[in-house]
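Asks: Below are the chains, spelled out letter by letter.
Protein chains: 2
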Amino acid sequence: MQYAEPILRLIKALSTLPGIGEKTASRMTLFILNAKGGYAEELISSIKDVRDRVRRCSVCMGFSEKDPCRICADASRDAAVVCVVCDYRDMIALEAAGTYRGRYHILHGLLSPLKGIGPDDIRLGELVGRIRSDGAIKEIILATAFDAEGEATAHYLKKALNRFDLRLTRIASGVPVGGHIEYMDPSTLGRAMEGRREI
Amino acid sequence: MQYAEPILRLIKALSTLPGIGEKTASRMTLFILNAKGGYAEELISSIKDVRDRVRRCSVCMGFSEKDPCRICADASRDAAVVCVVCDYRDMIALEAAGTYRGRYHILHGLLSPLKGIGPDDIRLGELVGRIRSDGAIKEIILATAFDAEGEATAHYLKKALNRFDLRLTRIASGVPVGGHIEYMDPSTLGRAMEGRREI
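Those protein sequences? They're chains A and B, same order as listed.
My numbering puts the last residue of the first sequence at 199; the count rises by one with no breaks.
My numbering puts the last residue of the second sequence at 1199; the count rises by one with no breaks.
Take the hints with a grain of salt, since some may be wrong.
[To be verified] Straight-line alpha carbon distances no greater than 27 angstroms define the calculated BS3-like cross-link-like pairs of lysine-lysine that follow:
1. B:1158 / A:12
2. B:1036 / A:48
3. A:66 / A:12
4. B:1012 / A:23
5. A:159 / A:138
6. B:1036 / A:115
7. A:66 / A:138
8. B:1023 / A:66
9. B:1115 / B:1158
10. A:66 / B:1012
11. B:1012 / A:36
12. A:23 / B:1158
13. B:1036 / B:1048
14. B:1115 / B:1012
15. A:158 / A:138
16. A:36 / B:1048
17. A:48 / A:66
18. B:1036 / B:1012
19. A:36 / B:1023
20. B:1023 / A:23
21. A:36 / B:1115
22. B:1023 / B:1115
23. A:36 / A:23
24. B:1023 / B:1036
25. A:12 / B:1138
[Claimed, not checked] Pairwise CB distance ranges, derived in the manner of DEER restraints:
26. B:1184 / A:198: 56 to 62 angstroms
27. B:1125 / A:38: 22 to 28 angstroms
28. A:120 / B:1049: 32 to 38 angstroms
29. B:1023 / A:53: 20 to 26 angstroms
30. A:176 / B:1113: 41 to 47 angstroms
31. B:1120 / A:42: 24 to 30 angstroms
[Claimed, not checked] Which chain B residues face chain A? A few, computed with CB under 7 angstroms, are given here:
32. 1030
33. 1037
34. 1040
35. 1059
36. 1063
I should point out that these hints are in silico values taken from the structure, not numbers from a laboratory.
We put the CB at the ideal spot given by N, CA and C, even for glycine.
Taking the hints into account, I'd like the entire structure generated from these sequences.
Replies: Have a look at this one:
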């Protein structure tokens, strides 16, 4: 005795989603089966809508209903600075912080020799092409995580952008606001010390 | 700056699913946007399939492509015993255990005065109706959790089934196989003691 075939199929499709195991996927499937008020229809139509109406911005590789996206089309934003992020959600988080007024480039992943993710698997070529064709860009700010994949991507970019006349910077690593010194790991404290500034 | 409207709509639809918060829903949405190989289509078609092909078995209230479902239609299963569960997944788990040869009734919820879930919100009326019309039923086994909602449901059933000539039993509560005595909570140990048997 097992679930009926259509149930199994939906469980399988849902467990492909990141962070969703088989148990959660079967909970989700039974929720969809039990849900009232046209929930399944709303879900179907939302997925369709996202697939049909959202495209990739050809400048920054972000998602948008328009191409170029709102940020790339916004003349009031500083065209000289491009902040490079791993994921579209990172860009949303930086925008929510509200201090940055430059543009973005979304890599949709980071280099990972371990996972076999190379330069061609992420949007690195598009970044280099953009820098080559857009003379206004003077600084690239790398806003990636400080882990092995972030390091690998930083290392690669340093080499790939060497031939261009621009600043390559990286956001600061250190103790987060509200974080307690005693709970920080040694490498964070090491970086915080190294990156100390005059007050 | 926020996500585009279709993205926000899908995030909202996905965060309605049980156990899915807004962060996970936005991760899922971006995965769907990034996914290749017709993943969005497969997801849409699986949801449609589940909605169109899966129905409720009119006997046990479970989900099935046929009505009555395979178990209710199986003449080799003991029609005298009905095991009452909260959820369709509980039935699947009991079937996987492989020892039970009776039938099932799925309540699709448990009574919960705290959450405002009363007898009419779950499939209790269908159970009583089934017992009334099916003279073959001689035992009802309650296989619900041993928490406040399970207790409330057991208490209600004891009263509601009082007028019928049948045994009302409940699965055993105690130390699970592989569980360590030292880590068990006092109420489990209390129940395990209370339910002790000759060896």
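Asks: Indicate, hint by hint, whether the structure satisfies it.
Replies: The hints, checked one at a time:
Distance check on the hinted pair: residue 1158 of chain B and residue 12 of chain A sit about 39 angstroms apart at the alpha-carbon level, beyond 27 angstroms; violated. Distance check on the hinted pair: residue 1036 of chain B and residue 48 of chain A sit about 15 angstroms apart at the alpha-carbon level, within 27 angstroms; holds. The hinted pair formed by residue 66 of chain A and residue 12 of chain A fails the criterion: a straight-line CA distance of about 33 angstroms is larger than 27 angstroms. Between residue 1012 of chain B and residue 23 of chain A the CA atoms are separated by roughly 22 angstroms; this keeps the pair inside 27 angstroms, and the hint holds.
Of the pairs offered as hints, the one joining residue 159 of chain A and residue 138 of chain A holds, with about 17 angstroms between alpha carbons and a cut-off of 27 angstroms not exceeded. Simply put, residue 1036 of chain B and residue 115 of chain A have alpha-carbon atoms about 18 angstroms apart, close enough for the 27 angstroms limit, and the pair holds. For the hint linking residue 66 of chain A to residue 138 of chain A, the alpha-carbon distance of about 26 angstroms falls within 27 angstroms, and the restraint holds. Of the supplied pair hints, the one linking residue 1023 of chain B and residue 66 of chain A holds, its CA atoms being roughly 24 angstroms apart against a limit of 27 angstroms.
About 21 angstroms separates the Cα atoms of residue 1115 of chain B and residue 1158 of chain B, which keeps this hinted pair within 27 angstroms; it holds. Using a Cα cut-off of 27 angstroms, the hinted pair residue 66 of chain A and residue 1012 of chain B holds, with the two alpha carbons roughly 21 angstroms apart. For the proposed pair residue 1012 of chain B and residue 36 of chain A, the alpha carbon gap of about 16 angstroms is at most 27 angstroms, so the pair holds. With a C-alpha separation of about 32 angstroms, the suggested pairing of residue 23 of chain A with residue 1158 of chain B is violated against the 27 angstroms cut-off.
For the given pair, residue 1036 of chain B sits about 20 angstroms from residue 1048 of chain B by alpha-carbon distance, which is consistent with the 27 angstroms threshold. A hinted pair counts as satisfied when its Cα atoms are at most 27 angstroms apart, and residue 1115 of chain B with residue 1012 of chain B qualifies at roughly 23 angstroms. For the suggested pair residue 158 of chain A and residue 138 of chain A, the alpha carbons sit about 15 angstroms apart, so the restraint of at most 27 angstroms is met. A distance of roughly 15 angstroms separates the Cα atoms of residue 36 of chain A and residue 1048 of chain B; the hinted pair therefore holds under the 27 angstroms criterion.
Taken as a hint, the residue 48 of chain A and residue 66 of chain A pair is honoured in the structure, with Cα atoms around 17 angstroms apart against an allowance of 27 angstroms. At most 27 angstroms may separate the alpha-carbon atoms for a hinted pair to count; residue 1036 of chain B and residue 1012 of chain B meet this at roughly 23 angstroms. Distance restraint check for residue 36 of chain A and residue 1023 of chain B: the Cα-Cα separation of roughly 24 angstroms lies within the 27 angstroms cut-off, and the hinted pair is therefore satisfied. This hinted pair checks out: residue 1023 of chain B and residue 23 of chain A have alpha carbons roughly 19 angstroms apart, not beyond 27 angstroms.
Of the supplied pair hints, the one linking residue 36 of chain A and residue 1115 of chain B holds, its CA atoms being roughly 18 angstroms apart against a limit of 27 angstroms. Taken as a hint, the residue 1023 of chain B and residue 1115 of chain B pair is honoured in the structure, with Cα atoms around 25 angstroms apart against an allowance of 27 angstroms. Among the hinted pairs, residue 36 of chain A with residue 23 of chain A is consistent with the structure: their alpha-carbon atoms are about 22 angstroms apart, no more than 27 angstroms. For the suggested pair residue 1023 of chain B and residue 1036 of chain B, the alpha carbons sit about 22 angstroms apart, so the restraint of at most 27 angstroms is met.
Of the pairs offered as hints, the one joining residue 12 of chain A and residue 1138 of chain B is violated, with about 39 angstroms between alpha carbons and a cut-off of 27 angstroms exceeded. A hinted range of 56 to 62 angstroms for the beta carbons of residue 1184 of chain B and residue 198 of chain A is consistent with their spacing of about 58 angstroms. Distance hint for residue 1125 of chain B and residue 38 of chain A: a CB-CB separation of about 25 angstroms, consistent with the stated range 22 to 28 angstroms. Between residue 120 of chain A and residue 1049 of chain B the beta carbon distance is about 36 angstroms. The supplied range of 32 to 38 angstroms therefore holds.
The beta-carbon spacing between residue 1023 of chain B and residue 53 of chain A, approximately 23 angstroms, falls within the hinted interval of 20 to 26 angstroms. One distance hint, 41 to 47 angstroms for the beta-carbon pair residue 176 of chain A and residue 1113 of chain B, holds here, with the actual separation near 43 angstroms. In this structure the hint that residue 1120 of chain B and residue 42 of chain A lie 24 to 30 angstroms apart at CB holds, the actual value being about 26 angstroms. A hinted interface residue such as residue 1030 of chain B counts as satisfied when its beta carbon comes closer than 7 angstroms to some beta carbon of chain A; here the least separation is about 6 angstroms, so the hint holds.
At a threshold of 7 angstroms, the smallest CB-CB gap from residue 1037 of chain B to chain A is about 10 angstroms, leaving the interface hint violated. With its C-beta approaching chain A no nearer than about 5 angstroms, residue 1040 of chain B sits inside the 7 angstroms limit, and its interface hint holds. At a threshold of 7 angstroms, the smallest CB-CB gap from residue 1059 of chain B to chain A is about 15 angstroms, leaving the interface hint violated. For residue 1063 of chain B, the interface hint holds, since its Cβ comes within 7 angstroms of a Cβ in chain A; the closest pair sits about 6 angstroms apart.
Violated hints, listed in ascending order, are 1, 3, 12, 25, 33, 35; each of the other numbered hints is respected by the structure.
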